[in-house]
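Participant: Chain by chain, the residues run as shown.
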Amino acid sequence: MTTLPTSVSGPLADVDFAELEKSLQRPRTLINAALDVVVTAMTVLALIPLFSVVWMLAVRGGKKLSLAVLTQLPPAPLEAGGGFGNALLGTLVIVGLAALWTVPFGILNAVYLAQAKPEDRLATGVRFATKVLTGFPSILAGVFAYGAVVLLTGGFSALAGAVAISILMLPVVVLTAEDAIRAVPARMKEAAAGMGATEAQTVWMVLLPTALPGILTGVMLAVARAAGETAPLIFTALFSNYWLSSHGQIHLMQPTASLAVLIYNFAGMPFDNQIELAWAAALVLVLIVLALNIAGQALSRRLPE
Amino acid sequence: MAEAVSVAQEPSSAQRFADAAFRRLCQLCAAAALALVVFIVLRIAISAAPALSDYGPGFLTGTTWDPNKGRYAILPEIWGTLYTSILALVLGTLFGVAAALFLAEGFLGEFVYQLLKAPGLHLHPLWSKLPARAEDALRNLVELLAAIPSVVYGLWGLFVVIPTVRPFCNWLYAHLGWIPFFSTSLAGPGVLPAVLVLSIMILPTITAIGRQALVSVPSKLRMASYGLGATRWETIIGVLLPTASRGIFGGVVLAFGRALGETMALAMLVGNANQIRLSLFSPANTLAALLANNFPEAGPRQVAVLMYAALVLLAITLVVNVAGALLVQRAAARTEGAQ
Amino acid sequence: MQLRPLGVVALSLALAAACKESGGGSASPSTASTAAPTGDVVRLQGAGASFPAPLYLKWFKAYSSSHANVQVDYQSVGSGSGVKSFIDKTVDFGASDAAMKPEDIARVDTGVQLLPMTAGAIVVAYNLEGVKDLKLSRKAYSGIFLGKITRWNDPAVAAANPGAKLPDAPINVVVRADSSGTTFVFSKHLTAINETFAKDVGTNNMPNWPVGTRSKGNEGVTASLKSTPGSLGYIEYGYARSQGLSMASLENKSGAYVAATTAAGQAALASAVLPDDLIVWASDPEAKEAYPIVTYTWLLAYKKYGDKKKHDALIDLLDYGLTAGQKDAEALGYIPLPEAVAEKVRAATRNIRAEG
Chain A
1209 MTTLPTSVSG
1219 PLADVDFAEL
1229 EKSLQRPRTL
1239 INAALDVVVT
1249 AMTVLALIPL
1259 FSVVWMLAVR
1269 GGKKLSLAVL
1279 TQLPPAPLEA
1289 GGGFGNALLG
1299 TLVIVGLAAL
1309 WTVPFGILNA
1319 VYLAQAKPED
1329 RLATGVRFAT
1339 KVLTGFPSIL
1349 AGVFAYGAVV
1359 LLTGGFSALA
1369 GAVAISILML
1379 PVVVLTAEDA
1389 IRAVPARMKE
1399 AAAGMGATEA
1409 QTVWMVLLPT
1419 ALPGILTGVM
1429 LAVARAAGET
1439 APLIFTALFS
1449 NYWLSSHGQI
1459 HLMQPTASLA
1469 VLIYNFAGMP
1479 FDNQIELAWA
1489 AALVLVLIVL
1499 ALNIAGQALS
1509 RRLPE
Chain B
402 MAEAVSVAQE
412 PSSAQRFADA
422 AFRRLCQLCA
432 AAALALVVFI
442 VLRIAISAAP
452 ALSDYGPGFL
462 TGTTWDPNKG
472 RYAILPEIWG
482 TLYTSILALV
492 LGTLFGVAAA
502 LFLAEGFLGE
512 FVYQLLKAPG
522 LHLHPLWSKL
532 PARAEDALRN
542 LVELLAAIPS
552 VVYGLWGLFV
562 VIPTVRPFCN
572 WLYAHLGWIP
582 FFSTSLAGPG
592 VLPAVLVLSI
602 MILPTITAIG
612 RQALVSVPSK
622 LRMASYGLGA
632 TRWETIIGVL
642 LPTASRGIFG
652 GVVLAFGRAL
662 GETMALAMLV
672 GNANQIRLSL
682 FSPANTLAAL
692 LANNFPEAGP
702 RQVAVLMYAA
712 LVLLAITLVV
722 NVAGALLVQR
732 AAARTEGAQ
Chain C
275 MQLRPLGVVA
285 LSLALAAACK
295 ESGGGSASPS
305 TASTAAPTGD
315 VVRLQGAGAS
325 FPAPLYLKWF
335 KAYSSSHANV
345 QVDYQSVGSG
355 SGVKSFIDKT
365 VDFGASDAAM
375 KPEDIARVDT
385 GVQLLPMTAG
395 AIVVAYNLEG
405 VKDLKLSRKA
415 YSGIFLGKIT
425 RWNDPAVAAA
435 NPGAKLPDAP
445 INVVVRADSS
455 GTTFVFSKHL
465 TAINETFAKD
475 VGTNNMPNWP
485 VGTRSKGNEG
495 VTASLKSTPG
505 SLGYIEYGYA
515 RSQGLSMASL
525 ENKSGAYVAA
535 TTAAGQAALA
545 SAVLPDDLIV
555 WASDPEAKEA
565 YPIVTYTWLL
575 AYKKYGDKKK
585 HDALIDLLDY
595 GLTAGQKDAE
605 ALGYIPLPEA
615 VAEKVRAATR
625 NIRAEG
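So the protein sequences, as listed, match chains A, B and C.
One point on numbering: in my numbering, the residue at position 153 of the first sequence is 1361, and numbering is uninterrupted.
One point on numbering: in my numbering, the residue at position 155 of the second sequence is 556, and numbering is uninterrupted.
One point on numbering: in my numbering, the residue at position 331 of the third sequence is 605, and numbering is uninterrupted.
Check the hints yourself; a few may be wrong.
[Claimed, not checked] Facing chain A, according to a computed beta carbon distance under 10 Å, are these residues of chain C, among others: (1) LYS335; (2) SER350; (3) TYR594.
[Unchecked claim] Stretches of chain C that chain A covers, calculated by requiring three or more beta carbons in the stretch to come under 8 Å of a beta carbon on chain A: (4) 316-322; (5) 326-334; (6) 353-364; (7) 507-516; (8) 581-587.
[As the list claims (entries may be wrong)] Cut-off 25 Å, straight-line C-alpha distance, at most; resulting in silico cross-link-like pairs (PhoX-like, lysine-lysine): (9) A:LYS1230 x B:LYS470; (10) A:LYS1397 x B:LYS621; (11) B:LYS470 x C:LYS473; (12) C:LYS409 x C:LYS462; (13) B:LYS470 x C:LYS500; (14) C:LYS562 x C:LYS413; (15) C:LYS500 x C:LYS406.
Just so you know, these hints were derived from the structure itself, not from any lab.
Beta carbons are placed, not taken as given, at the ideal position from N, Cα and C, and that holds for glycine.
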């Protein structure tokens, strides 16, 4: 480390170099360091539950984790072995379906909200409505989808489950995407306008790519929550102990297994095999979402800003 | 000399058409979203109509839930919902924003960098990527909290949180029982375990969105602040947080919504007792948990009552959001910096 | 952002394609011959009570394994939701611990056939160090759940347990947080044996319990009982047995203290004569060997099925459950139907016809 000169001639002659050195004895520096420690401690504290939960899952379900468990059907009570392959597939299908319509629809909504003038009443109404939807209890989403889809189609289905899940995903996607689009600096919008771009071109070529990380955060949060919700699926997708596909086709209009419902079912049974499978399924669910998160980040790094 | 070709030009008529079509599409989506929410609320209201006429506003002020005598009232649930959600929000925001700052400021990356500097690896082609990778890993870990299913949080609360906090809570009850917040003993499920688990459930939302907001603050603001001689924390508190406050608040709104509507975990942890108590260790009940616990067995009459409770929950969400928006408007006028 | 959902769907399609190949044979010896179905698969979907779910799941899995063209599914959504789905005709059959109310039966135009498929006992489990074989008189256990008896060394409890070291500690009562058929049956029994209970609390899926901390589900109550010393609560027999909780012997109408065993359960059921509509409650059996809290659980079927294949599969399935299936009952914690009852139920299945 270079030491500063104790005295110098010329314009810097009056400067007290000793005072320029960083010292914990200064109150501002001390507060700075103290806050560093506090925020680090709080973050560590915030992460302890995560490790605690994952530890619990690993301890109670880890021994069940194997390829067999990911490819087999659920066992009957007092039966050994078995797995949750169909539930894994079901979760991917249901969440995939829900995301398929929620993400584009939510982003278009967000574009409208972000670009709308402050006096626009439709925008105010939609924003309000979306905020009301943030507090929607998950079981109600299931009840609504039961009335809207199951009764209409005459049976439980993955589609109904996806509709229920999408109600829970929508507010997260819309509100985060709107904030992300709004956060794009105004100068970029003005520059695009100055070059003769229409609003649509500005949105597609400037706003959305720039806001992508923020939008992605919202989508990942929505997907993570959707994958783990039980209550909406119990009355819509129900459950199934069989594969979703037969003869090479995926049946979307049949009762569908899902990891969340399997965990709920099995954790409530007084049989050790089932209870352990429930923990293993929870571990797998968490890992899937982690994988999706990582994939999403890798994707956003690839796409040019 | 050749004339410079300009990219800037007026939009062609095809582009104008696409623009108008796109704008119309966005507007239609917005209208559809609004229609969807109105439709949902209407359906709930229609299901609730019999209960609305049977019980009226007394539903909101009574405290007895007795299906046998046909007496239903949800004041304890309204109290429980607000009590647990607000406490969880305070706790979650505190830790969530702290974690967001930790991530946005890159403390972990800096720490790893310092670690690499000692053996001189900080410029190594492979090792130099470690700080960024460590930051990514930490970010993923925090967002992983959002991936844990509700049911698992409930089970974790039952098997880990309650046994862990029970001795501590009972010590508080024994020694400081005169404080209303500690005035009962912790028998098992109760407000405190529910609040602890709920705050962890909403933390990833606040952290992920807060981090995004903090990272989006233009670096020139940060550099300007440092240039004026501010320390890191003076910059954070004086410049970053106010500028990012709108985004952070968006995260808080979503988190609060989640807290209000959280069903499964609270149904397992809050104790489901129809009482109004200030004590953190006593069981309580929330509207969402009430729905979750009673819906599967509800006959048509009870379904109407439960839908009435659901309407009340939606109304609470609306009121809270309106109040929050007003609060933010006042605060933003003072603190939002220029971009 | 639109790439990820496509990626998820693509991934799931790939998985599904992979499943098609591996769909038939599974290596584990337990999931035996799930042979690939030839021709159309008949799917039967049921939903309802969670109480019989383990037994039904075992039956349906065994049946589907040996009948390649039939796939039967069951999901516990609660008796109330099961009845609702049954009325809405979104399922092929339902299940309920509380049978069906006449007004609900009237709403089903195709007619309803209720079939008691199995029975179970509800036990009063407790967690008290050093006290095994607790005996609770009728006055004692109904008083505990009324909140009138609050300490373990209360004379009403001590009287039936001379020699047991009952501490001077509060009884931590645990009840259900969620509405359930188990609660319905338990409260029905308490209503039958205690007038104060009948007046103040009553029979319900979710009565206004005057005392007790609430836990969700049988498994929640079990977890609470296991982790709270000095606690007492009511759960299904299967849970108490598999989780190793002590169960109290209860005084029945004849004054005998009976523990929950298969024989005691069957004695209780025998005392309740099954009428033609097959709905009966053994709320307070008189027999000396009878365990006082037992209940049938019903499977709900329509009297007419439009699809002949479904009809035939259902009848065959019910037949299986009422004959070979009864052997699975005891191992899982249920009470096998008495012979006479099983015969009567099998006869009733003939009321279910295929139409059109």
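Participant: Could you grab the alpha-carbon distance between LYS470 of chain B and LYS500 of chain C and see if it respects the 25 Å cut-off?
Facilitator: 33 Å, violated
Participant: Was the hint right that SER350 of chain C lines chain A, CB cutoff 10 Å?
Facilitator: Check passed: Cβ of SER350 of chain C comes within 7 Å of chain A, closer than 10 Å.
Participant: Is it true that the CA of LYS409 of chain C sits at most 25 Å from the CA of LYS462 of chain C?
Facilitator: Distance of about 21 Å is within 25 Å: holds.
Participant: Quick one, are LYS1397 of chain A and LYS621 of chain B close enough, alpha carbons at most 25 Å?
Facilitator: 19 Å, holds
Participant: Under 10 Å, Cβ to Cβ, is where LYS335 of chain C needs to be relative to chain A, so tell me if that hint holds or is violated.
Facilitator: 4 Å, holds
Participant: If you count the residues of the stretch 581-587 of chain C with a beta-carbon closer than 8 Å to a beta-carbon of chain A, do you get 3 or more?
Facilitator: Per the Cβ count (0), the hint is violated.
Participant: Please work out if LYS470 of chain B and LYS473 of chain C have their alpha carbons no farther apart than 25 Å.
Facilitator: 10 Å, holds
Participant: Below or equal to 25 Å on CA atoms is what counts here, so check LYS562 of chain C against LYS413 of chain C.
Facilitator: Status holds; Cα separation ~18 Å.
Participant: Less than 10 Å between beta-carbons is the criterion; does TYR594 of chain C satisfy it with respect to chain A?
Facilitator: 14 Å, violated
Participant: With a C-beta cutoff of 8 Å, work out whether three or more residues of the stretch 326-334 of chain C approach chain A closely enough for the coverage to hold.
Facilitator: holds (count 6)
Participant: Taking 8 Å as the C-beta cutoff, is the stated coverage of the stretch 316-322 of chain C by chain A satisfied by three or more residues?
Facilitator: It holds: at least three residues are needed, and the stretch 316-322 of chain C offers 3 whose Cβ sits within less than 8 Å of chain A.
Participant: Holds or violated: LYS500 of chain C and LYS406 of chain C, Cα atoms, limit 25 Å.
Facilitator: 15 Å, holds
In this structure, the earlier hints numbered 3, 8, 9 and 13 are contradicted, and the remaining ones agree with it.
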